[in-house]
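Line order of the protein sequences matches chains A and B. Everything in the first sequence is counted per the working numbering, starting at 1 for the first residue and increasing by one. Everything in the second sequence is counted per the working numbering, starting at 1 for the first residue and increasing by one.
These aren't lab readings, by the way, just hints derived from the structure by calculation. Hints are supplied without guarantee of correctness; some may be wrong.
As the list claims (entries may be wrong) - Cβ pair distances, simulated, as ranges:
hint, chain 1, residue 1, chain 2, residue 2, range
1, B, A112, A, G135, 36 to 46 Å
2, B, A124, A, E145, 39 to 49 Å
3, B, D39, A, T96, 15 to 25 Å
4, A, V3, B, E17, 42 to 52 Å
Unchecked claim - With a straight-line cut-off of 30 Å between C-alpha atoms, the simulated DSS-like cross-links for lysine-lysine are:
hint, chain 1, residue 1, chain 2, residue 2
5, B, K14, B, K168
6, B, K14, A, K195
7, A, K8, A, K100
8, B, K14, A, K100
Note that the structure is predicted; figures quoted are calculated from it, not measured. Built from N, CA and C at the ideal position, the CB exists for glycine as well.
What follows is the residue order along each chain.
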Amino acid sequence: MIVAHNAKRMYRFDLMQRLVARLEHEEAVIGGIGNTNFDLWSAGHRAQNFYMLGSMGLAVPIALGVALAQPERKVFAVEGDGSLLMQLGCLATVATLAPKNLAILVMDNGVYQITGGQETPAARADYAAIARGCGLAGAAWAADEADFERLVGQCLATDGPHFIAVKLDDQPPVTQTERDPPQIRDRFMRGMGAKRSKLLG
Amino acid sequence: MDRAWHQIALDVLKANEVRLIPYVPDNVLKPLIAAIHADPFFHAFTVAREEEAVGIVAGAWMAGTRGMVLMQTSGFATLANVLASLPCAFQIPVLLMISERGTMGEFNQGQAAVWRTMRPTLEALAMEYHVVTRLDECEFIMDRTIQQAHLTQLPAALVLSPLLTGGKPTARQVVA
Ligand SMILES: Cc1ncc(C[n+]2csc(CCOP(=O)(O)OP(=O)(O)O)c2C)c(N)n1
Ligand SMILES: [Mg+2]
């Protein structure tokens, strides 16, 4: 088992591109506040992407709601470390409900990067261990890019709930998401097949 | 015999296909929570925080399943940021059912203090909300509020007054 301090520090945008490249079945991806959804956007907009705004910590709960509503669709929550720290209880909820189609990806740079890079109070914490403690038995750190690819493959091929944590370097996001919340919601609903409209998406 | 408020609530939720019920419990909501768990139509479960439940219901609605969050007044007081930035900003009909604590015989000073923040917060968010006080109005208010939330794609709150539910009985101070 990889422990947190042995995990290679990787580039968020590269990992996001690797994740998106593996999605072939209209999997839903919920990007958490700020940089996490910015790099999801930069990796190429998909109709099944949801880009969250200010509700810091809710990427996992939103993804859980999607996963419960559509058990046949794989759903990824991509969340920042500071954000997850704010809503750790959701890991226990996920473990208890145990949706087979949900995967959680935590982007751990150790800081609140978007607000200026201040350190989080989790310097001595291990997110995969926390997830295992909540009941997500398979929670793991990705050792490097190849290991990340392997773990994503596991999420896609096997029943979850899955939990992957990655250590990040300090590179900033590539660009910013276009912020138009009702439009983001509308497109996501079409991507989920939950809305049909003759208006152009 | 008249249906109890919780039976009416259950019937209205069902009639409106509101299935997903994440909640943080409250004593007054006990009979409703028990009835929802007993009915296989619903998927009810506890969450660690009310914020989480708002996220779950928002996500589920965008993927085609309707839901409602159950909580008490103190739970609502934790929600201003996520309500503003998720259901209000994205126009998602997240429904809240709030058991009103802190008024009409409250014995807990914390509950009484937080009660005073509920209406101002709902008003500041410009959220549709209705306080249900009477059994004979219960079905109409609940049904129409839920319908309107979905038709307008906006969040809404149903506040259950102690006038409707009986509230939590006052613990009489025993002075020795
Ligand atoms: C409740 C709340 N508190 C604070 C903020 C301000 N804020 C926005 S993003 C952010 C940091 C997010 O950190 P993390 O999830 O680790 O993502 P990173 O910026 O490191 O990519 C903070 C503190 C907020 N939006 N909401
Ligand atoms: Mg961070």
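So the hint says 42 to 52 Å: do the beta-carbon atoms of A:V3 and B:E17 match that? 47 Å, holds
Pairwise hint evaluation, B:K168 against B:K14, where the allowed Cα distance is 30 Å at most: Judged against 30 Å, a Cα distance of about 26 Å means the pair holds.
Assessment of proposed distance window 15 to 25 Å (beta carbons of B:D39, A:T96): For A:T96 against B:D39, whose Cβ atoms are near 20 Å apart, the range 15 to 25 Å holds.
Lying within 39 to 49 Å: is that true of the beta-carbon distance B:A124 to A:E145? Taking Cβ atoms as reference, B:A124 and A:E145 lie about 47 Å apart, which means the hint holds.
Between B:K14 and A:K100, is the straight-line Cα distance small enough, at 30 Å or below? 26 Å, holds
Is the straight-line distance between the alpha-carbon of A:K8 and that of A:K100 30 Å or less? OK: A:K8 and A:K100 at ~28 Å, within 30 Å.
Assessment of proposed distance window 36 to 46 Å (beta carbons of B:A112, A:G135): 37 Å, holds
Given the hinted pair B:K14 and A:K195, is their alpha-carbon gap at most 30 Å? 21 Å, holds
The structure fails none of the hints (numbered hints given earlier).
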